[in-house]
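There are 2 protein chains.
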Amino acid sequence: MHVPIVPYGGATSIEGHTLAPHGGVCIDMSSMKKIKSLHVEDMDVVVEPGVGWIELNEYLKPHGLFFPLDPGPGATIGGMCATRCSGSLAVRYGTMRDNVINLQVVLPDGDVVKTGSRARKSAAGYDLTRLIIGSEGTLGVITEVTLRLQKLPSRSVVAMCNFQTVKDAADVAIATMHSGIQVSRVELLDEVQIRAINMANGKSLPEVPTLMFEFIGTEAYALEQTLLVQKIAAEHHGSDFVFVEEPNAKEELWKIRKEALWAGFAMEPDRQAMITDVCVPLSRLAECISVSKQLLDASPLTCLVIAHAGDGNFHTFILFDPSQEEEQREAERLNHLMVHTALSMEGTCTGEHGVGTGKMKYLEKELGMESLRTMKRIKAALDPNNIMNPGKLIPPHVCI
Amino acid sequence: MHVPIVPYGGATSIEGHTLAPHGGVCIDMSSMKKIKSLHVEDMDVVVEPGVGWIELNEYLKPHGLFFPLDPGPGATIGGMCATRCSGSLAVRYGTMRDNVINLQVVLPDGDVVKTGSRARKSAAGYDLTRLIIGSEGTLGVITEVTLRLQKLPSRSVVAMCNFQTVKDAADVAIATMHSGIQVSRVELLDEVQIRAINMANGKSLPEVPTLMFEFIGTEAYALEQTLLVQKIAAEHHGSDFVFVEEPNAKEELWKIRKEALWAGFAMEPDRQAMITDVCVPLSRLAECISVSKQLLDASPLTCLVIAHAGDGNFHTFILFDPSQEEEQREAERLNHLMVHTALSMEGTCTGEHGVGTGKMKYLEKELGMESLRTMKRIKAALDPNNIMNPGKLIPPHVCI
Ligand SMILES: Cc1cc2nc3c(=O)[nH]c(=O)nc-3n(C[C@H](O)[C@H](O)[C@H](O)COP(=O)(O)OP(=O)(O)OC[C@H]3O[C@@H](n4cnc5c(N)ncnc54)[C@H](O)[C@@H]3O)c2cc1C
Ligand SMILES: Cc1cc2nc3c(=O)[nH]c(=O)nc-3n(C[C@H](O)[C@H](O)[C@H](O)COP(=O)(O)OP(=O)(O)OC[C@H]3O[C@@H](n4cnc5c(N)ncnc54)[C@H](O)[C@@H]3O)c2cc1C
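These protein sequence lines map, in sequence, to chains A and B. With full-length UniProt numbering, letter number 29 in the first sequence gets 29, and the count goes up by one each step, no holes. With full-length UniProt numbering, letter number 146 in the second sequence gets 146, and the count goes up by one each step, no holes.
Worth flagging that the hints you see were computed from the coordinates, not collected in a lab. Wrong hints could be hidden among the right ones.
Pairs count within a copy or across copies, as identical chains cannot be separated in the list.
Stated by the list, open to error - In silico SDA-like cross-links for lysine to any residue, where the CA-CA straight-line distance does not exceed 25 Å:
1) LYS250 to MET160
2) LYS34 to GLY52
3) LYS151 to LEU253
4) LYS258 to GLU346
5) LYS365 to ASP111
6) LYS34 to HIS63
7) LYS231 to GLU219
8) LYS114 to LEU337
9) LYS365 to VAL112
10) LYS114 to ARG377
11) LYS250 to HIS63
12) LYS114 to ILE387
Just so we're clear, the structure is a prediction, and the values are computed from it rather than from any experiment.
If we strip away everything but chain A, and leave its shape as in the complex, we get (with noise of 0.2 Å):
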């Protein structure tokens, strides 16, 4: 008997990951949220995968430490390791890859694997910690995680600015990375974005294309960094620069850009979103952003465009009519139509969202069939049975 097994964190996840194509248990990870122990000193904490990113940062901010990783409010650790997501800190303090010090994972044998030491760099074998960060529930169930910390930062500013179009957005976004600022935060909007965030939380920001930082640091350097993207943005028409300190605003600031995708459904209540995450190495950032414009603008759906424009990585929400068949037809054709332009330009289908069912299709054109035919390989391996989470992340046509 070999019934499937899909992990279930906080269902947050956006490819549809966590469907059951072939039935099956699902385990819901959800319940195992102890924190285990917080190790200050070493700045790493042992969590079971349960805990959400959201308490997790409770839990520390008295201790003057957070976890950079924020994804979808209500997503699980075990979850963001199974997606390898990012989010928009990523641009300083890199993706999951990167803030993952050991795994206790349960392999479909029942093997119960430890990953790694609680050094924090090790040379010491395969890399099976970053093997499973990423595989999304194929390989096994994670069930403890040793996460990297970071000091809460003693400074923050905000910045905000606007432009007349997304490439100039973009274009400020990429020459604020090669000046080598230290940026936390660079996340593009663009005006449709804007308007819907304006509707859904009683705002008047200017709608148009917009660039909101994060610098972090002491006084003298937060103010240093922030005067100098002042500079680059001015020299790309932007506008309109403000800076905020004050805690509580700037909180309200990061609040309305985690949810924006809610704003868009508040501009359109009875649709849904088709959401895109190509990633384009950054100096096809403006024309990519360019292109899929372009495209959006030209259908009859509404899009909203945002970006972690440091890493090169944006999203679009399509809204479309789910009982209209041509409207979603409309939305798979605009992510299509994206994905290849993304491909194109040496980028990936999915800079953080993940595999899922949805990006299945494009993994050939990106990486190849000998590489798809490694991981099926791999999976093989670990999984002859395929019980965990099937169907999902390695095409079905792959053979070994």
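Go by the hints and put chain B with the ligands onto chain A.
Chain B with the ligands only, in chain A's frame:
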């Protein structure tokens, strides 16, 4: 006919990685040394695996860029990937794990695999890039590498400070990391190492435990960080805090540091060195070094201590006469004791040098048999005839 294949880069690896215990063909990769394409705008470069990191940095300098991994002089990018190396700058920029975007790898069956796109982040399937990094030539031959580059900092300051004990020095390194100060290097050298450096380089540095720091960034920032560390050092009996800002003087200091091993040989020319490489959680570093130092001081052999202290990683060079069996045994005994001390502190037997043949015997204690079995399953899936660098990394007693 299953002929073993041993890839061979700069041959600077330390744990017997390039030996051929089962005979076979050694593939010298050092002539594949083209720099294939530099993308200044994306801060990445595509190279063949035989390029050395020193040559690469000479090539990059006029473009204002550099690659921040600095293992043994002579090491090649392919070998550095294969050993998952790091170096003095890892405290700021991470290890090879964090600085490779994409690999091309020839697998044992001849499949040529591309492990990623050129996007900076991606969640597209299993992380084959990280699986190959650290695989020590046991899974395939790396034939092309896309590396992430960094801006050459506009400003850097090197600071040196003297201490009465290695514990004081280690405590200052730890306190510096905890303070959130962003050092780019923090290296600890014991009094024996300093003596060797003085002898080899005609210097007259005070022969006491010493910390060498590097701070980078803008002028204001580097200065601010330096002063903060000076304060921490003063609180731990640090003395003679000196700054070096003149480019040639800084370069000389890092060159001397990089050549520390040869300085050891200058002190005792007819000896060989047993090089140890443990890494522990940061909070245990001072204790681990102190315990080790007692052992070393009590030994008849000359032992030099040198640490990448910000990562919790330290090396000792144990000088012994290979013709004297008891000296060799004594060196092994010291190495062995240090590994076990580190493992008892949740550390690793190898922070950066890798497993080769030398560290195989410690992996079961560090990671458990389940973990090794998983590695062996992966190895068997990708290299069923065990032709790639057989006899390395996975201990021979592991069964699948
Ligand atoms: C509003 C919104 C904003 C978002 N923003 C971001 C963003 O900025 N960046 C980003 O990267 N993502 C973002 N996401 C996507 C999502 O939050 C992430 O993919 C997140 O990592 C999923 O975590 P989860 O706990 O919800 O996982 P789930 O959805 O429950 O599961 C995801 C996958 O992980 C597996 N899994 C879950 N738990 C385990 C376990 N313990 N062991 C093994 N496998 C397991 C599941 O089988 C499944 O394949 C966003 C989503 C929403 C709704
Ligand atoms: C003085 C000195 C200082 C050092 N300092 C450091 C340090 O600070 N940090 C650190 O991490 N290390 C350090 N090392 C160790 C060493 O430099 C590193 O391990 C380095 O990464 C080895 O690279 P290499 O090109 O010399 O590899 P080699 O020694 O040639 O090979 C190492 C392994 O990689 C495999 N390999 C080589 N090329 C390929 C390829 N193209 N494809 C697949 N497999 C391949 C080989 O089969 C072998 O298993 C130091 C060494 C010395 C001598």
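Quick rundown of the hints versus the structure:
no.: 1; hint: LYS250 to MET160; in the structure: within (11 Å within a copy, 39 Å between copies)
no.: 2; hint: LYS34 to GLY52; in the structure: within (10 Å within a copy, 46 Å between copies)
no.: 3; hint: LYS151 to LEU253; in the structure: within (21 Å within a copy, 30 Å between copies)
no.: 4; hint: LYS258 to GLU346; in the structure: neither (28 Å within a copy, 37 Å between copies)
no.: 5; hint: LYS365 to ASP111; in the structure: between (34 Å within a copy, 16 Å between copies)
no.: 6; hint: LYS34 to HIS63; in the structure: within (17 Å within a copy, 49 Å between copies)
no.: 7; hint: LYS231 to GLU219; in the structure: both (19 Å within a copy, 18 Å between copies)
no.: 8; hint: LYS114 to LEU337; in the structure: between (41 Å within a copy, 23 Å between copies)
no.: 9; hint: LYS365 to VAL112; in the structure: between (35 Å within a copy, 15 Å between copies)
no.: 10; hint: LYS114 to ARG377; in the structure: both (22 Å within a copy, 15 Å between copies)
no.: 11; hint: LYS250 to HIS63; in the structure: within (21 Å within a copy, 37 Å between copies)
no.: 12; hint: LYS114 to ILE387; in the structure: within (21 Å within a copy, 27 Å between copies)
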